[in-house]
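Trainee: Okay, here's what each chain looks like letter by letter:
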Amino acid sequence: MASVTDRPADGSPPARTALRWDYAPAPESRDAAPLKPRYDLFVDGAFTAPQDGSVVASVNPASEEVLAEVGFAGPGDVERAVAAARRAAGPWAALPALERGKYLFRIARLIQERARELAIVESLDGGKPIRESRDVDIPLAAAHFFSYAGWADKLSYAVAGRPHRPRGVVGQVVPWNFPLLMAAWKLAPALACGNTAVLKPAETTPLTALLLAEICQEAELPPGVINVIPGAGETGAALVRAEVDKVAFTGSTAVGKEIQRALAGRDIGLTLELGGKSANIVFEDAAIDQAVEGIVNGIFFNQGHVCCAGSRLLLQESVADEVLHKLWQRMQRLRVGDPLDKNTDVGAINSAAQLARIEELVAAGEAEGATRRTISCALPEQGYWFAPTLFTDVAPANRIAVEEIFGPVVSVTTFRTPAEAIERANNSAYGLAAGVWTDMGSKAFEVASALRAGVVWQNTYNKFDPTAAFGGYKESGFGREGGPSGLLPYLKVGA
Amino acid sequence: MRTLDTMSRRMISVDRVGADERAAALGKRSIKHDAKRQGILLATSMVDLTTLEGADTPGKVRNLCAKAVCPDAHRPEIPSCAAICVYPSQVATAAAALAGSGVAVASVATGFPSGQTSLDIKVEETREAVAAGATEIDMVISRDAYLTGDDRRVAHEIEVVKEACGSAHLKVILETAELPTYAHVRHASQLAIDAGADFIKTSTGKAATGATPGVVLVMLETVRDHAWRTGQMIGVKAAGGVSTTKAALHMLVLVNETAGKDWLTPEYFRIGASSLLNDLLMQYAKLDGGHYGRPEDFSKE
Numbered sequence: 001m002a003s004v005t006d007r008p009a010d011g012s013p014p015a016r017t018a019l020r021w022d023y024a025p026a027p028e029s030r031d032a033a034p035l036k037p038r039y040d041l042f043v044d045g046a047f048t049a050p051q052d053g054s055v056v057a058s059v060n061p062a063s064e065e066v067l068a069e070v071g072f073a074g075p076g077d078v079e080r081a082v083a084a085a086r087r088a089a090g091p092w093a094a095l096p097a098l099e100r101g102k103y104l105f106r107i108a109r110l111i112q113e114r115a116r117e118l119a120i121v122e123s124l125d126g127g128k129p130i131r132e133s134r135d136v137d138i139p140l141a142a143a144h145f146f147s148y149a150g151w152a153d154k155l156s157y158a159v160a161g162r163p164h165r166p167r168g169v170v171g172q173v174v175p176w177n178f179p180l181l182m183a184a185w186k187l188a189p190a191l192a193c194g195n196t197a198v199l200k201p202a203e204t205t206p207l208t209a210l211l212l213a214e215i216c217q218e219a220e221l222p223p224g225v226i227n228v229i230p231g232a233g234e235t236g237a238a239l240v241r242a243e244v245d246k247v248a249f250t251g252s253t254a255v256g257k258e259i260q261r262a263l264a265g266r267d268i269g270l271t272l273e274l275g276g277k278s279a280n281i282v283f284e285d286a287a288i289d290q291a292v293e294g295i296v297n298g299i300f301f302n303q304g305h306v307c308c309a310g311s312r313l314l315l316q317e318s319v320a321d322e323v324l325h326k327l328w329q330r331m332q333r334l335r336v337g338d339p340l341d342k343n344t345d346v347g348a349i350n351s352a353a354q355l356a357r358i359e360e361l362v363a364a365g366e367a368e369g370a371t372r373r374t375i376s377c378a379l380p381e382q383g384y385w386f387a388p389t390l391f392t393d394v395a396p397a398n399r400i401a402v403e404e405i406f407g408p409v410v411s412v413t414t415f416r417t418p419a420e421a422i423e424r425a426n427n428s429a430y431g432l433a434a435g436v437w438t439d440m441g442s443k444a445f446e447v448a449s450a451l452r453a454g455v456v457w458q459n460t461y462n463k464f465d466p467t468a469a470f471g472g473y474k475e476s477g478f479g480r481e482g483g484p485s486g487l488l489p490y491l492k493v494g495a
Numbered sequence: 496m497r498t499l500d501t502m503s504r505r506m507i508s509v510d511r512v513g514a515d516e517r518a519a520a521l522g523k524r525s526i527k528h529d530a531k532r533q534g535i536l537l538a539t540s541m542v543d544l545t546t547l548e549g550a551d552t553p554g555k556v557r558n559l560c561a562k563a564v565c566p567d568a569h570r571p572e573i574p575s576c577a578a579i580c581v582y583p584s585q586v587a588t589a590a591a592a593l594a595g596s597g598v599a600v601a602s603v604a605t606g607f608p609s610g611q612t613s614l615d616i617k618v619e620e621t622r623e624a625v626a627a628g629a630t631e632i633d634m635v636i637s638r639d640a641y642l643t644g645d646d647r648r649v650a651h652e653i654e655v656v657k658e659a660c661g662s663a664h665l666k667v668i669l670e671t672a673e674l675p676t677y678a679h680v681r682h683a684s685q686l687a688i689d690a691g692a693d694f695i696k697t698s699t700g701k702a703a704t705g706a707t708p709g710v711v712l713v714m715l716e717t718v719r720d721h722a723w724r725t726g727q728m729i730g731v732k733a734a735g736g737v738s739t740t741k742a743a744l745h746m747l748v749l750v751n752e753t754a755g756k757d758w759l760t761p762e763y764f765r766i767g768a769s770s771l772l773n774d775l776l777m778q779y780a781k782l783d784g785g786h787y788g789r790p791e792d793f794s795k796e
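So the sequence lines, in the order shown, correspond to chains A and B. Take the first sequence: its letter number 409 is residue 409 in the numbering used here, and every next letter is one higher. Take the second sequence: its letter number 281 is residue 776 in the numbering used here, and every next letter is one higher.
Source of the hints: derived by calculation from the structure; they are not laboratory data. Treat the numbers as computed from the prediction; the structure is a model and nothing was measured. Just to be clear, a hint being listed does not mean it is correct.
If you want the footprint, here are the derived chain B segments under chain A, 3+ residues with CB under 8 Å [claimed, not checked]:
#1 508–516
#2 519–527
#3 752–761
Some chain B residues close to chain A (C-beta under 7 Å, calculated; not the full set) [said to hold, decoys possible]:
#4 A530
#5 Q533
#6 V655
#7 E716
In silico lysine-lysine, DSSO-like type, Cα no more than 30 Å apart, as pairs [to be verified]:
#8 B:K756 to A:K342
#9 A:K342 to B:K523
#10 B:K531 to A:K342
Cβ coordinates follow ideal geometry from the N, Cα and C atoms, glycine included.
Can you make the complete structure from the sequences, with help from the hints?
Mentor: Here you go:
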């Protein structure tokens with residue numbers, strides 16, 4: 001770094017020299033998050049080694065270093081966990097609702113107390129910037145427990161006074177992009193409604209769910225109410241086929257369809273939160289600078305590993321050049337690198353497999369004739385990385401315009417009229433989210449009401465709140481999470 | 496009676512929620528170690544060390560000038576401030592004290608802070624300040640004209656004062672606390688630029704709020720877009736309320752990530768402040784010594 005000034009030896013005023021000012025590395029200390037060498041299954045209130053499973057290393061995707069060994073559940077372990085949840089279900093449902101709420105409040109507070117540790121582990125295990133795990137994932141996870149804690153003794157308001165009871169044992173399978181937050185989304189409403197749960201965290205990111213299990217112990221949650229069984233796809237497949245009363249899955253559309261087939265014809269509740277290819281629509285009367293921020297937040301937040309990422313950018317032709325110029329300039333300022341650095345904007349890709357998928361789709365985009373622009377930045381030697389990328393000259397039929405990339409890659413197309421924007425946005429197998437950018441309120445509401453997407457953000461993107469329902473249309477799944485509607489899948493109503 | 500066309504104001508939309516969110520996010524950049532050290536030096540070099548009190552005397556102004564030239568005698572690596580900013584009546588004193596130092600003499604003018612005087616008086620005041628040695632003039636826009644939609648009068652006053660400045664640089668104060676929305680901040684910024692401002696400045700320091708991060712962000716976006724469009728670089732001065740090192744470093748981050756590195760020089764970014772300088776010095780000393788000094792260890796002037 002150049003010095004600001006050099007003061008001449010003769011005592012005359014310092015000459016002003018050009019300065020290159022950059023932020024020094026500001027890594028969050030790992031000392032606040034001491035990991036154990038080994039984490040086991042959390043079944044029936046205790047950590048136990050897998051009986052017919054395996055032990056697998058959990059790897060830091062930013063460095064490929066092994067963080068800890070984790071017990072993966074085998075089929076017998078899954079049965080054991082479901083049986084524990086079954087034993088706990090009756091007493092848990094019989095507990096006064098206010099008492100159930102108190103446990104959830106306790107968990108929420110313990111998440112806050114251990115927030116720093118959880119944020120560090122989330123970034124280590126998943127590769128996301130500490131800025132996001134610290135400011136988004138962990139606070140929102142706590143917020144979900146707080147919000148649903150308050151619902152526990154007010155369920156009749158969510159069902160308009162109809163009789164209701166818990167479903168029983170729920171099997172929950174969560175993805176690797178928001179490991180703790182997705183666990184909170186699933187567990188908090190399930191427990192508030194009086195169910196017990198078996199949670200399977202994702203293969204590549206089991207650690208924070210296991211820390212949450214520690215928190216359950218600390219909160220003296222009755223054994224069996226929450227069970228955490230890490231594992232790969234087979235474990236999840238075994239769980240959804242086990243003796244559970246309801247299944248909640250967040251993940252890929254392909255797996256979601258498989259689960260739906262497996263549960264067909266049985267009286268098992270199912271909610272699916274699947275993929276997306278969400279449209280972010282910028283009209284010419286939008287506040288352009290804020291729209292550019294929203295585009296960046298929509299697609300580069302969490303490296304684009306977001307099911308509702310604004311991966312299809314629809315620009316009104318009259319402002320397309322200006323938006324693209326500003327977006328490209330803004331992208332240059334993204335700081336890609338060490339997830340633990342507090343100034344990092346874009347972290348590591350979650351796994352080698354995901355990186356390969358992103359690379360494959362980006363190559364397909366180039367082969368199909370789209371124009372690719374990737375920011376030039378130094379990427380670490382170790383670990384899995386993909387620099388933020390922008391595709392223009394994209395035809396709506398191109399793979400990069402249709403398939404979910406789940407990475408920091410945005411595909412841009414243009415439109416001329418609001419009707420065309422709506423048609424283009426709805427022209428997708430998915431329907432999870434959308435963004436509408438305009439300074440005109442009437443247009444915002446008109447367009448939003450015509451979009452077939454579970455969430456429509458107006459003049460913002462990727463805003464989450466425990467009181468707001470989240471879920472999809474079409475192949476993005478069904479059922480809602482968050483808010484009072486997030487309680488319904490966990491209740492038998494009118495019975 | 497004004498003709499109809501003067502009433503039609505074409506504004507560029509600015510979303511307050513989004514702008515504030517972005518500005519606040521940039522306040523979370525972690526500036527540590529050498530980045531903090533260099534940032535403090537850079538911020539010091541951008542300070543327009545200001546005294547705008549009825550009680551200002553030649554003695555106080557001379558003391559402040561000495562402080563601006565050499566903020567900390569024990570740490571020669573700390574650069575001089577960019578300028579001293581005073582009322583017109585103190586310009587001659589400041590100019591004499593600063594001769595040959597490289598520190599500029601800035602003077603507020605045009606009926607500062609309210610701007611509620613006639614244009615003739617504004618021009619005369621500007622001429623006097625320049626004649627007395629001011630090389631930078633900080634004028635205020637007529638908010639009464641702006642708020643009634645009379646952009647033509649606002650622009651005209653800037654043009655006339657600019658002419659009276661001669662070779663002196665003109666900073667145009669928008670007094671953003673008195674403008675209705677961020678869209679108006681953006682609009683007034685462009686109006687001032689088009690009328691000849693060399694710098695656009697947030698505030699007088701006499702209103703309820705000053706250089707809030709959101710306002711500075713919007714003004715930086717305006718000068719950045721203007722440069723993209725025309726190739727001409729206009730400076731930004733954040734004044735009012737920037738009194739801590741943390742706030743000053745936040746400003747530098749806003750500049751760095753909005754307008755870009757080209758603006759990270761006293762030529763294009765200034766911080767108008769009175770108490771900021773000592774906090775910068777104390778924070779710098781803390782980097783060296785590991786502990787905060789006592790306020791009384793640093794001269795107020």
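Trainee: Evaluate each hint against the coordinates.
Mentor: Results for each hint:
1. 508–516: Per the Cβ count (7), the hint holds.
2. 519–527: Contact hint for the region 519–527 of chain B vs chain A: holds, 5 residues under 8 Å.
3. 752–761: Check passed, 5 qualifying residues.
4. A530: 4 Å, holds
5. Q533: Hint holds; Q533 of chain B Cβ to chain A Cβ min 6 Å, cut 7 Å.
6. V655: 32 Å, violated
7. E716: OK, holds: E716 of chain B within 7 Å of chain A, min 5 Å.
8. B:K756 to A:K342: 21 Å, holds
9. A:K342 to B:K523: 8 Å, holds
10. B:K531 to A:K342: 15 Å, holds
The structure does not agree with numbered hint 6 stated previously, though it agrees with all others.
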